[in-house]
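Quick mapping for you: the protein sequence lines, in order, are chains A and B. All residue numbers for the first sequence refer to the numbering used here, where the first residue is 1 and numbers rise by one. All residue numbers for the second sequence refer to the numbering used here, where the first residue is 1 and numbers rise by one.
By construction, these hints were calculated from the structure, which means they are not laboratory data. Any given hint could be a false lead.
One copy or two, either will do: identical chains are not told apart, so a pair holds if it fits within one copy or between any two.
[As the list claims (entries may be wrong)] Taking lysine-lysine and the BS3-like style, the derived pairs with C-alpha atoms no more than 30 Å apart in a straight line are:
id	residue 1	residue 2
1	K186	K17
2	K17	K145
3	K168	K189
4	K186	K29
5	K149	K189
6	K26	K103
There are 2 protein chains.
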Amino acid sequence: MERGKLIVVSAPSGCGKGTILGEVLKDPKFYFSVSCTTRQPREGEVDGVNYRFITKERFEELIAEGAFLEHAEYVGNYYGTLLAPIEENLAQGKDVLLEIEVKGAEQIRALRPDASLIFIVPPSLETLRERLINRGTEEMDVIEKRVAKAEQEITYRERYDYCLVNDKLEDAVADFLAIVRAIELKVEK
Amino acid sequence: MERGKLIVVSAPSGCGKGTILGEVLKDPKFYFSVSCTTRQPREGEVDGVNYRFITKERFEELIAEGAFLEHAEYVGNYYGTLLAPIEENLAQGKDVLLEIEVKGAEQIRALRPDASLIFIVPPSLETLRERLINRGTEEMDVIEKRVAKAEQEITYRERYDYCLVNDKLEDAVADFLAIVRAIELKVEK
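Take these sequences, add in the hints, and give me the full structure.
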């Protein structure tokens, strides 16, 4: 069986990355690598689906065991990607999707030359601000911080292989799937 | 306006490249670069559509004028790609498709780092032989030469960015369009 592809996805928060991935993951050819985090679940988030929510102590044990492909601290919490489930699924021919913030993606780039990196951006920062307001899960000062952070993160675009604009969901999903198919058809050097 | 992408397509003869491109070119976002050749038209081939059929003398004048992006000799005939129409269409935002044999593609790779290269292969050499027989335009000895040439050309796969297998036409067209979309969304380094 042909080995699957390792695909990293990053996007500033509020870019609709979760919605796009929700659509994409309806295809069973994908395995979504669920990250571990020490942050608190948001409303509606399910352990083992959105993240594996673990304690700081457990996270630090796993670091010590070398169980993470990458890990990073972000806004005071740990986030990390376990290596074993990724390798198992690649070997089974599944395309493995990793959703990782920009610094983690940089680590993957260095560690895994076989990985392809996709960046998702909003049509504009104004659109991003509106989406975060409409999501209604955060106060205005937090939203402004996220928009400022997004503005900075968008400058990381150059470090990715592909970049798609999430304007209309349907188009963004089609673009995402086109990129994945092209990655599958890429000639390995 | 965003500049279009330069896309090179090669395939051993009989791989169905022409049929795939015929489908793909229904989308007006593409400009197909019609090559010049000194070979005789095959039955059904139209001057200015399949090739610009020109004399050896005219071809050599154009070489002297530096009008070609690349040119090559193949089975005793010249084939070449004029530069001016490519630049005009890229500037107008069109994706420019160049259909070029493997040696010409190598020249483009060296001359144009902005080009993406797609290779189309048959599911097997046996399938290729059958297709050439069914096309009915060539004698068996010519077909065997083409199959042998294809076997050798397939080893050029490694020099391309993407490789797709033309098994079912519909899938091959979808794969081709997915690759093109991904090329459009590629981050320029």
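Taking the hints in turn, this is what the structure says about them:
Proximity of K186 to K17 under the C-alpha cut-off of 30 Å is found in both arrangements, the shortest distances being 24 Å within a copy and 18 Å between copies. Taking identical chains as interchangeable, the C-alpha atoms of K17 and K145 lie at most 30 Å apart only when both belong to the same chain, with a minimum of 19 Å there against 52 Å between chains. Taking the shortest Cα distances, K168 and K189 sit within 30 Å of each other only across copies (26 Å), while inside one copy they are farther apart (34 Å). In this assembly of identical chains, the alpha carbons of K186 and K29 lie at most 30 Å apart whether taken from the same copy (17 Å) or from different copies (23 Å).
Taking the shortest alpha-carbon separations for K149 and K189, only the inter-copy value of 23 Å comes in at or below 30 Å, while the best intra-copy value is 36 Å. Taking identical chains as interchangeable, the C-alpha atoms of K26 and K103 lie at most 30 Å apart only when both belong to the same chain, with a minimum of 28 Å there against 42 Å between chains.
Checked against the numbered hints given earlier, the structure satisfies every one of them.
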